[in-house]
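Asker: Chain by chain, the residues run as shown.
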Amino acid sequence: MAPSGGKASDTCRLRGDLPGSATAAGDRNQGDEDHTMSSWKILTVAVLAVFLTAGCAQRADEAATSASSSASSSGGSSSGASAAPAQVEAGSQEDLVVSVGDRVFFDFDSSAIRADQELALDRLIAWLDTNSSARLLLEGHADERGTTEYNLSLGERRANSVREYLIAGGVAGARLQTVSYGEERAAVLGSNENSWAQNRRSQFRVR
Amino acid sequence: MRNTKILAVAVAAVAITLGANPAHAQLRVDVESGFFSPLPIAIPPFHDPGTLGLGNQIAAVTASDLERSGLFKPASPAAFLQTTESLARGPRFGDWRLIDAQLLLVGSITPASEGRFRAEFRLYDTLSESQMLALAFTSEHSNWRRVSHLIADRIYSRVLGEEGYFDSRIVYVSETGSQANPQKRLAIMDQDGHNHRFLTDGSSLVLTPRFSPDGTQLVYLSFAAETPRVHLYDLRTRRETLLGDFPGMSFAPRFSPDGSMVVMARAEAGNSDIYTMNLRTRSLRRLTTHPAIDTSPHFSPDGTQVVFNSDRGGKQQIYMMDTDGGNIRRVSFGKGRYATPVWSPRGDLLAFTRIYKGVFYVGVMRPDGSGERMLARGFSVEAPSWSPNGRVISYFKEERASNDGQQKSRLYSIDVSGYNERQIPTPLEASDPSWSPLNP
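As you go down the protein sequences, you meet chains V and U in turn. Residue numbers for the first sequence follow the working numbering, so the first one is 1 and each next one is one higher. Residue numbers for the second sequence follow the working numbering, so the first one is 1 and each next one is one higher.
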């Protein structure tokens, strides 16, 4: 499974979007692709350095997720990763992905907003402020390590945690709808800790 | 419609009173205590003088049912000494004792009116040389599989003293695609995997189908609209309808034992609680009001209790309440997380899913939480569902997905003793089995 989203942009990421620490997540994403491992690691470190000093164009779509998120049929149009930021229509899904990121991650069996994810949601609040007509569908997702019905509840809780955080930040509740997919829409394929960490998420879709 | 016809086909059964003293057979079997060694039985092809072509098939399906139960051991036809033609004139019991067949089924098939056939059979105890059962079924030719299951059920209940379960069906979720975008369809089949057909076309994601107590309807979760909601599927009309138009997600549905209500979970502002819906008025009644996740409710067979799982105590555990939501008490106290509790139709046990240290189990316990036993384990085993006689549990077992997101998931059954785990054949990957009641 080769990442198709374009390596250069994938490696520019929002710190808050990563399921664990940034470098650990970098290892995870490429953990099954040993042929690119070492060079990718170096690239990650290099780009993170750039990020810390300059803040490159941020993409939440990570290398490992880009292939699968475009396969998701839940109504998103987050593909077209090759488009340059200049061509992105303000307030679109693509704009959201490029300027804020389209997901936050959760701990196992938890729907609490993690401290390391708050930055991403704060940026989302600012983005919604700028794009005042944008409405979002907040999807809640769970990893596969629970029962189907419990995970539907957990996904609902996660989506709602995001909704409440955004409302507390001043976003009108009428702009935010939630849906739970439980464990039915993995973002990262495979059955391992790395994929589970990235599948425990809420994902945002511009409607 | 064809399926309507199949469901409605009447199988006429008559007791045959020929033969001496069928009432007092000596064979007595106790399957409730400990390990049980399967009963040897010989099921030679049914005598088919009118060459309806069903003699071999009915014998084979009957034998296959009994064999899969783990409680019978059909002898190999290669060992039979007496021929079917000779059997028609009466069994030579010595020939059957010689191949260690303790039970012998002797059947014949004859044409009946309007293109129907009549299957007549007698069950013998070869040791006492006595007849245990004599019965005939009349049905349409196309219905021969069902007749075979009915014969197996009668043998099962005559020998074991409890109702059989072979004349029943399983509805489940058939899966293709990857973890990121699975296609899931409702499918239905006989309990042995035959007469398989799809009910939905896969355009909407569907989960957790469950039978109505009369076997004519299903409740299930569908993502047909943006919000996942409980839907109803009528097996006679093949119509899908949304069950109740109220805001928020509704899920985890199950019928009440009298079929008048559906108990389900519903999420409001991120919080899942348990409700019942009156199917006639479509009105909702709320049973739980708690900020915890309450889901997977299931009525007791006497209709007085609802078991469910909740994380109100911190971790997911099994709880019980009265059907008005009162008298909530915790049932499971073991380590790990407990989920999807389902009452046995006998009312004596709960089956459940347990997740402990990264391993999934299907287990059983008494409704008071005592006597917990694990029956099956795996990377993921989930969604127990009882056979109509409360003897066998079906569930699905999932392996780790490959890195391209392909998942192997299949249906299994296991005897409540913990022995005899079997795969239930399905054409594609499969999950969420629900066992029907005995066919009407």
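Possibly wrong hints are sitting among the right ones.
To be verified - Chain V stretches covered by chain U per the calculated footprint, using a threshold of three residues with CB under 8 Å from any CB of chain U: (1) 147-153; (2) 158-170; (3) 182-190.
To be verified - Just a sample of chain U residues kept apart from chain V, beta carbon distances all over 10 Å, derived: (4) Ala136; (5) Pro182; (6) Lys184; (7) His196; (8) Thr241; (9) Met249; (10) Arg312; (11) Arg366; (12) Phe379; (13) Asp404; (14) Arg422.
Stated by the list, open to error - For each label pair, taking beta carbons as the anchor points, the in silico distance ranges come out as: (15) U:Arg286 x V:Asp129: 36 to 44 Å; (16) U:Arg377 x V:Asp129: 44 to 52 Å; (17) U:Gly314 x V:Ala90: 32 to 40 Å.
Derived by calculation from the structure, the hints in this document are not laboratory data. These numbers come from a predicted model, not from an experiment. Positions of the beta carbon are idealized from the N, C-alpha and C atoms, including for glycine.
Asker: Next, verify each hint and record whether it holds.
Answerer: Here is what the structure says about each hint:
no. : hint                            : verdict
1   : 147-153                         : holds (count 6)
2   : 158-170                         : holds (count 5)
3   : 182-190                         : holds (count 7)
4   : Ala136                          : holds (45 Å)
5   : Pro182                          : violated (7 Å)
6   : Lys184                          : violated (8 Å)
7   : His196                          : holds (22 Å)
8   : Thr241                          : holds (21 Å)
9   : Met249                          : violated (6 Å)
10  : Arg312                          : holds (12 Å)
11  : Arg366                          : holds (21 Å)
12  : Phe379                          : violated (7 Å)
13  : Asp404                          : violated (6 Å)
14  : Arg422                          : holds (22 Å)
15  : U:Arg286 x V:Asp129: 36 to 44 Å : holds (37 Å)
16  : U:Arg377 x V:Asp129: 44 to 52 Å : holds (51 Å)
17  : U:Gly314 x V:Ala90: 32 to 40 Å  : violated (45 Å)
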